[in-house]
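Given these sequences and hints, build the entire structure.
If you read the sequences in order, they're chains A and B.
Using numbering that gives the first Met the number 0, the first residue of the first sequence is number 0, and each one after it goes up by one.
Using numbering that gives the first Met the number 0, the first residue of the second sequence is number 0, and each one after it goes up by one.
None of these hints come from the bench; they were simulated from the model.
Be careful, since some hints might not be right.
[Said to hold, decoys possible] Away from chain A, derived, C-beta distances all over 10 Å, residues of chain B:
#1 I21
#2 M38
#3 T42
#4 T61
#5 F109
#6 P124
#7 K129
#8 F135
#9 N137
#10 D151
#11 N153
#12 A157
#13 R176
#14 V177
#15 Y180
[Stated by the list, open to error] Under 10 Å between C-beta atoms, here's a sample of chain A residues computed to sit facing chain B:
#16 L28
#17 W31
#18 L35
#19 L36
#20 G38
#21 T39
#22 L45
#23 V48
#24 I55
[Claimed, not checked] Straight-line C-alpha distance at most 30 Å; calculated DSBU-like pairs for lysine-lysine:
#25 A:K44 to B:K98
#26 B:K92 to B:K119
#27 B:K83 to B:K20
#28 B:K174 to A:K50
#29 A:K44 to B:K114
#30 B:K119 to A:K44
#31 B:K98 to B:K72
#32 A:K50 to A:K16
#33 B:K78 to B:K107
#34 B:K3 to B:K83
#35 A:K50 to B:K186
#36 B:K119 to B:K83
#37 B:K186 to A:K44
#38 B:K83 to B:K72
#39 B:K174 to A:K44
#40 B:K44 to B:K3
We treat Cβ as the ideally placed atom computed from N, Cα and C, and that holds for glycine.
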Amino acid sequence: MTDIDPGFRNAINIAVKNSNQGDGVASRLDRWFEELLDGTERIEKLDSVYKRLELIYDAIDITLPPEN
Amino acid sequence: MSVKVQIVEWEARGLRCPDHKISFENSDGGIIPITLIQMPNGTGKTTTLELLRSALSGSAVTWNTSQVREFIKKSDPSKSGYFKVSLRIDTHKLTFDMKFNFDEGSVKYFTTYYKPGYSKGFNPPAALAKIFHPSFVNYFVFDGELANQLLDHNQTNAQDVIEQLFQLNMFMLMKDRVDDYWNNETKDIGAREQTGHTRVCGVRPIRFI
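Pasting the structure below:
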């Protein structure tokens with residue numbers, strides 16, 4: 000497993016927090032980034048990337064404002 | 000985690016440069032830290048650099064027939080040629096072999112790492128794939144002209160290589176993939192439709208900073 004530079008991890012955590020999302024989203028993004036860096040995951044393999052993104056999106060919570 | 004990558008030796012046969020083998024290993028098995036190689040004009044310095052770049056980056060798989068045949072030895076053309084570079088990754092040996100077939104106009108790679116035997120193709124260790132890549136290798140095995148560019152503040156080469164080395168480019172590629180996925184999933188969906196909200200799991204794009 001490749002260690003993420005603390006600056007990247009911090010940037011991910013801030014971005015997730017600013018989007019009002021939970022730690023689960025940040026940890027899934029961290030994990031994706033780690034696997035891209037160590038070669039377990041390839042950014043060119045769209046099928047794999049999209050499956051990964053489905054997992055990330057599954058962790059995302061959003062509350063839409065009531066429609067007028 | 001740091002990894003020490005050292006060139007141990009390289010060897011060329013049947014190619015446009017003179018047949019040669021250069022080793023940087025000293026008598027006690029260590030690697031000589033700095034080596035200067037002097038060759039007269041027209042004797043293959045540029046060709047050797049091109050071979051090193053392609054051996055370390057796997058770039059020859061994209062060469063067309065003409066590009067491959069540019070490496071035919073002019074004075075004594077043969078049907079095949081060979082270039083090999085051996086490296087030490089910490090304590091493990093890594094070699095990339097390039098076998099030129101001038102009849103077919105093709106180059107095949109073979110990789111040896113750690114264990115005996117070779118694998119077909121250009122297969123650097125996954126953790127080092129970012130190093131053995133054209134966008135990185137080309138900035139560290141370079142002709143003299145690039146040295147000036149690296150010191151020119153109007154050029155972006157230094158920034159490019161830093162982004163490559165520290166994986167900033169990967170961060171941007173991730174962002175692009177997130178955007179692609181989102182755009183693909185929402186292209187036929189009204190942003191405020193409840194059905195659309197359900198279909199895309201109620202998400203919005205994440206902004207990377």
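Reported absence of M38 of chain B from the contact zone with chain A (all CB gaps over 10 Å):
Holds: least Cβ distance 37 Å, greater than 10 Å.
Go through the hint on W31 of chain A and say holds or violated, using the shortest Cβ distance to chain B against 10 Å.
Since chain B brings a Cβ to about 7 Å from W31 of chain A, closer than 10 Å, the hint holds.
With a cut-off of 30 Å on the C-alpha distance, tell me whether K44 of chain A and K114 of chain B pass.
holds (28 Å)
Do the alpha carbons of K50 of chain A and K16 of chain A lie within 30 Å of each other, as the hint requires?
holds (23 Å)
Beyond 10 Å from each Cβ of chain A, as asserted for R176 of chain B
violated (5 Å)
Confirm or reject: F109 of chain B is not an interface residue toward chain A, with every Cβ-Cβ distance exceeding 10 Å.
With a cut-off of 10 Å, F109 of chain B remains clear of chain A, as the shortest Cβ separation is near 20 Å.
Run the distance test for K44 of chain B versus K3 of chain B: straight-line Cα separation, threshold 30 Å.
Holds, at about 26 Å.
Are the Cα atoms of K83 of chain B and K20 of chain B separated by 30 Å or less?
holds (9 Å)
Let me know if the C-beta of I55 of chain A comes in closer than 10 Å to any C-beta of chain B, holds or violated.
I55 of chain A check passes; min Cβ-Cβ to chain B is 8 Å, inside 10 Å.
Go through the hint on G38 of chain A and say holds or violated, using the shortest Cβ distance to chain B against 10 Å.
With a minimum Cβ separation of about 3 Å from chain B (threshold 10 Å), the hint on G38 of chain A holds.
Sort out whether K186 of chain B lies within 30 Å of K50 of chain A, counting only the CA atoms.
This hinted pair holds, its Cα atoms lying about 18 Å apart.
A157 of chain B clear of chain A by more than 10 Å, beta carbon to beta carbon?
A157 of chain B is indeed farther than 10 Å from all Cβ atoms of chain A, at 19 Å.
The earlier numbered hints that this structure contradicts are 6, 7, 13, 14 and 15.
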